[in-house]
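**Student:** Top to bottom, those sequences are chains A and B.
For this note's numbering, count along the first sequence from 1 and bump the result up by 423.
For this note's numbering, count along the second sequence from 1 and bump the result up by 423.
Be aware that one or more of the hints could be misleading.
[As the list claims (entries may be wrong)] In the DSSO-like style, the derived pairs of lysine-lysine whose C-alpha atoms are separated by at most 30 Å in a straight line are:
1. LYS601/B to LYS716/A
2. LYS582/A to LYS509/B
3. LYS633/B to LYS717/A
4. LYS725/A to LYS509/B
5. LYS725/A to LYS470/B
6. LYS662/A to LYS601/B
7. LYS582/A to LYS725/B
8. LYS529/A to LYS725/B
9. LYS601/A to LYS632/B
10. LYS733/B to LYS716/B
11. LYS601/A to LYS713/B
12. LYS725/A to LYS601/B
13. LYS601/B to LYS633/A
14. LYS662/B to LYS601/A
15. LYS582/A to LYS728/B
16. LYS509/B to LYS716/A
17. LYS636/A to LYS601/B
Hints in this document: simulated from the structure, not taken from any laboratory.
Protein chains: 2
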Amino acid sequence: MIDKESIEKKYSIGVDLGGTNITSAIINRQGEIASSLKIRTLAEKGKEATIKRIIKAIYENIAQSAIAPDDIIGIGIGAPGPLDIKRGIINFAPNLPGWRDVPLKKILEDKFNMKIFLENDANAAAWGERCFGAGQGINDLVCFTLGTGIGGGIIIDGKIYHGNNCGAGELGHMTVNKSGPRCNCGNYGCLEAYSSATGVKNRIIDRIKKGIKSEFLNFDNDNLFDSLRLKSIFQAARKGDILTSDIVEDAISYLGIAIANIANILNPEMVVLVGGITNEGNKLLIPLIKEVKKRAFYSNYKSLKIVIGKLAGNAGVVGAAALPWILNTYSC
Amino acid sequence: MIDKESIEKKYSIGVDLGGTNITSAIINRQGEIASSLKIRTLAEKGKEATIKRIIKAIYENIAQSAIAPDDIIGIGIGAPGPLDIKRGIINFAPNLPGWRDVPLKKILEDKFNMKIFLENDANAAAWGERCFGAGQGINDLVCFTLGTGIGGGIIIDGKIYHGNNCGAGELGHMTVNKSGPRCNCGNYGCLEAYSSATGVKNRIIDRIKKGIKSEFLNFDNDNLFDSLRLKSIFQAARKGDILTSDIVEDAISYLGIAIANIANILNPEMVVLVGGITNEGNKLLIPLIKEVKKRAFYSNYKSLKIVIGKLAGNAGVVGAAALPWILNTYSC
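I would like the entire structure built from these sequences, with the hints used as guidance.
**Tutor:** Printed below as a string of structure tokens:
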């Protein structure tokens, strides 16, 4: 529970802990960013070094903002990987080498005289869109975070839904094709293997290796993965490119199937999409909605708003910052 | 809200309104059936006739029980089809010809001096297992009703989850194969098209028509659908039958995929299976759990109990009877 004094505080801090960057932002009660700062994670330097980077980011963010620490209610951290949210522990994070059972909440509590909240990064993004983005006022909402991988956050009855042991919302690991490509999680045919940036790129690389040529796409054969850009892939596909068009079509139709499944299972009021692929705007949204319409129960489809998030790249950090303001978050 | 006087009442009535039979049962607070009665729906005689049959079933059930109506708190109805649960209206029921926007709650309120509750039949079954069956004490539970079709009920935080407009829990209409067989709902590749009794039978009939012979299965060519029995189909498949074994394998593996998807999306504590196919017991459960293990996140799988319901064919009617005892059921 939050005491009266805390409720009156004007600011909170959000941290988005990624494998590449750490972002810290101070937001006000309207979700506006008063001050933000991004530094490299330097994950390769190991756990202790990364923890120091997190602390440094928060300190520098407060310093540059000139906001009095007494005016800050607390710090919310959006972190990857399986978490023990209640105890504030990062159990494991694939992109943070050496991170095993790290009690990040306790570590930060010892450094800062503030309340610390730990949350899954996709849940934080869903919460950001719910509080200050496309989902304001919507109590039943599902958010897909479409990036390198695919995550998800489920808001039920105005609260983040965690499930039995904080494992809910793994939307990227819905099996959409029994005998589809292998996914990073070990399963085959997950949504992530088709519709994430990594999934799309890996499927294109497989085809390049099989000798399929592209008419429109430029890439560097010596540095294939990094030289492929989602935007260029979608552009090439729209021109009818042999290499990319089926893969982009699959990426969209499997995402449509996943959203239709969510519509039939959870019947939410809104599905919010965030992440790089949403830069495609209506070029993504129109075929996607068509697929959902084809697949979902009509009344579930009809009552569903499918929208692109409004916070762009900030959903995660803004949502993390909004955590200290919620009551009863940790039901799992 | 339920008043104090009502809470002290000892019995409630549940009605399971099916396309073939109407079952009425009076249960006590422990979920034990004090008296029950089953009559034919005679749906083909039309809406008015069926409504009279429902009223008759309830009256006769009370009469035969010798329980004083004053001791009965209310009547819960488990009904098929899209419902307006809040207003107590059956919008449409595929198996009840002529049923369009029938205000069943109001009709029964006018006949009986009791509170009436209307609920989707699969939600009622989930609620029955939650209150008095395999899911007692479990607050996050998903129930699959595996019968002619496939339905579902989701219990979140100890309450039936309805979604935005009472459309949640349509688990049978998860798309599990993009280009799978056509489903009754109009979509292709729904779970129901693979793993329901109808789905299994239809796929076998397609193969029989293509000239594929069975070594072990008996059926009547003039009355194919009705002469096929799920039990015999599973028996034949276990003997390695060419006609049936792939189809039974698909039925189980797609159901496993659907459960794994639910595990990854909702991370429930328990999945309860009810309906005819569960008579297969461990012959169903063992390969099913293997598929879920292969597909779901390990921690979501590890913490998940996958069980067969304990109320056999009574989950729906017992769950309907338990409706008058819950508060705040109607969140949608």
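**Student:** Now tell me if each hint is right for this structure.
**Tutor:** Right, here's what the structure says about each hint:
no., hint, verdict
1, LYS601/B to LYS716/A, "holds, 14 Å"
2, LYS582/A to LYS509/B, "holds, 22 Å"
3, LYS633/B to LYS717/A, "holds, 29 Å"
4, LYS725/A to LYS509/B, "holds, 19 Å"
5, LYS725/A to LYS470/B, "holds, 28 Å"
6, LYS662/A to LYS601/B, "holds, 25 Å"
7, LYS582/A to LYS725/B, "holds, 25 Å"
8, LYS529/A to LYS725/B, "holds, 27 Å"
9, LYS601/A to LYS632/B, "holds, 26 Å"
10, LYS733/B to LYS716/B, "holds, 23 Å"
11, LYS601/A to LYS713/B, "holds, 14 Å"
12, LYS725/A to LYS601/B, "holds, 21 Å"
13, LYS601/B to LYS633/A, "holds, 25 Å"
14, LYS662/B to LYS601/A, "holds, 25 Å"
15, LYS582/A to LYS728/B, "holds, 25 Å"
16, LYS509/B to LYS716/A, "holds, 26 Å"
17, LYS636/A to LYS601/B, "holds, 27 Å"
The structure is consistent with each of the numbered hints, conforming to all of them.
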